[in-house]
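Peer 1: Could you put together the complete structure from these sequences and hints?
From first to last, the protein sequence lines are chains A and B. So in my numbering, spot 55 of the first sequence is number 317, and the numbers just go up one at a time. So in my numbering, spot 408 of the second sequence is number 412, and the numbers just go up one at a time.
FYI, nobody ran anything at the bench for these hints, they're computed from the structure. Backbone N, C-alpha and C fix where the C-beta goes; we use that ideal spot for every residue, glycine too. A couple of the hints might just be wrong.
Below are the DSS-like pairs computed for lysine-lysine, each with C-alpha atoms no more than 27 Å apart in a straight line [what the hints assert, rightly or not]:
#, chain 1, residue 1, chain 2, residue 2
1, A, 394, B, 460
2, A, 330, A, 432
3, A, 400, B, 460
4, A, 394, A, 440
5, A, 440, A, 497
6, B, 365, B, 276
7, A, 394, A, 330
8, B, 365, A, 440
9, A, 432, B, 276
10, A, 394, B, 365
11, A, 400, B, 172
These stretches of chain B come out as covered by chain A in the derived footprint (C-beta under 8 Å, 3 or more residues) [what the hints assert, rightly or not]:
#, region
12, 350 to 358
13, 364 to 372
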Amino acid sequence: MKTDKLQQAGNSSVETESKKTKTTVPGPGSKRTVGNIKAADPVMSATDVNVYYGDKQAIRNISLEIGKNEVVAMIGPSGCGKSTFLRCFNRMNDTIEICRVEGDIRLDNEDIYGKDMDVVLLRARVGMVFQKPNPFPKSIYENVAYGPRIHGLTANRTELDEVVQTSLEKAGLWEEVKDRLDQPGTGLSGGQQQRLCIARAIAVSPDVILMDEPCSALDPIATARIEDLIDELRKNYAIAIVTHSMQQAARVSQRTAYFHMGELIEVGATEQVFTNPRTKLTEDYITGRFG
Amino acid sequence: MQISTLTLIVLAASAVAFYLGKRRALNLVAGQGGPRSLHSMPGFYGAWTALWAAVPALVVLVSWVFLEPLILRALLVSSLPQDIQSLDPDRLGLLLNDIRNLAQGNIVSGEITAVQQSAADHYRHFISLSRLSMVVVCLALSVLALAFGWSKVSPTLRARNRVESFVKVVLILCSSIAILTTVGIVLSVLFESLRFFDRVSVSEFLLGLTWSPQTAIRADQVGSSGAFGAVPLFTGTLLVSSIAMFVAVPIGLMSAIFLAEYSSPRVRATAKPLLELLAGIPTVVYGFFAALVVAPWLRGLGDSSGVDVASDSALAAGVVMGVMIIPFISSLSDDVINSVPQSLRDGSLALGATRSETVIKVVLPAALPGIVGSVLLAVSRAIGETMIVVMAAGLAANLTANPLQSVTTVTVQIVTLLTGDQEFDSAKTLAAFALGLVLFVGTLGLNIIALYVVRKYREQYD
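Peer 2: Pasting the structure below:
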């Protein structure tokens, strides 16, 4: 299986985490999250989520809500569990065999780990954009049409054309590619590829878009475009974004969650977290003392 | 002295030279900064001297061994009386053989004449002289070259670069041996084929519909006209190979998909080596299996259902050959499927695609070039496969597309044409080389296409 590598990656990140326990010591006092985990108009809510890779615990008792028309940024040092936590929201952790998720995560008040939840439908409603642009080795058109096709969202070619065009427009890519929709998506530049992946996620009209460090493989100009796009997308979708760049978190998000060693240390309005952090750990991280 | 003893002595001298060279290098710099002020590590100075001691002597030794018979022959011929020298080459060769055998105490054909006896004495004398001078020359050369290499050792000598470039030359020589062998095989097949095409025209060979390679040895023989139309062989080969691919491609591909996408790591770790074990079974064993189990079984099946099945049907050979090829396809395709980046699967799954949708719509298309490459390699393997068809497919050159009939393949005909005592100037025997050439060109073409496709695929992800 292809998950071997992922499992190893998972393991190693947990390992580095446990090593850090010895050096930086979060202290038992940080068990409780500081700040308000509630969103104004929640779409997804996680309550007391624990994630284990085998015996090792990667996420400890995290609760967080993602609200409509807002961008929640998840920040924190490497191996703090923010990506793992993000992947709980569309059950991408299911693909990793040794990964076990406990707790309650709801999408519109429906338990996504419940028996009635079809993971295929869940992922259609909770889209995801990955760290490295991963367009399929198909044409630009086929990349965007992939989701609508497998879910049977369109009745005929005209509708599909329309969905493809709207999605590309929303992702801010239409003008650049409208004359070469039949060319391979892998031939685009890195930033264009990432916007293609966003268009691909939008095409199945999800409620939530999860972004796992979407700009870490891009240059500053492409990053700026994606950030503008995220801000634009906020009007229609709930967005959770994991990022290593604190400037990015400050620029695009309304709320910020700071993760440390598998725990959610602090949540709050982005401005407040960055200007007036309430915990020492958050302050140390934001001011660049570690991480 | 035996050649092997001489070789051992030269190698021993080389070992001594290593020690001497290394010590000289260390002595030269003792008290002046030590080994640090040497250009190379001391061992390289040793290797430098050792190479000088061994290589020139061994080169002379080898060329001596190859050239000696030629020179001796020339000497021997010139020592013979004039009337014998003017014999035709074949007779002269026989005579020289006799003399050589006489000199070495072997059995001689016919009576020994005085001329032969004196020539044999001459020959013996030449040989002992040659051997003696070989030993002297090699040993002297070894010692002289050793001394030369040793005297060259100095802290500024770039021993490492010299030794490394020598090793590089050796590596190049080794790899060119493999390539030159291939070229040699091709050329030998090509020239014999050209001799064949002197007797049978290319168009008759490639387009003729009758294959009956018996040619008359005597003028009054009957029923041996000889017909060299190879089309029935080509169709037979294609028929058996396509049956094999019909079996191998679906089974191999699906097992590859299972292994790569659905099985747990533990199942994969056991199943894949087991599957690859199939590739390790000698083809002759598959041949038994085809001839003794599958073919009779198919025939029995045909009898009981009223269909006429030949006891050596193309189907039996093809099916067993297909089983043999399964591991090629499954193992290669499994590697190809595995090298499709996980990010593509994640991307598809994250869009809400099921596992099977992901496999069919994303993974397989991405892996397709590699899969095509592996199938093409398997096809060339099927076409060139010999043992199974020799044992199970029969010899009758039927021009048919019916898999239940007996057919014969190119490889089977090559085997039958060349087994047993054969004269190498008849069209019958030479036909085997022409068939070999066709086979070679065909599989070479397939391999080139396959490699091209696989390489093109690699560029996408690496």
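Peer 1: In ascending order, which of the hints set out earlier in this document are inconsistent with the structure?
Peer 2: Going through the list in order, the structure violates hints 9 and 11 and respects the others.
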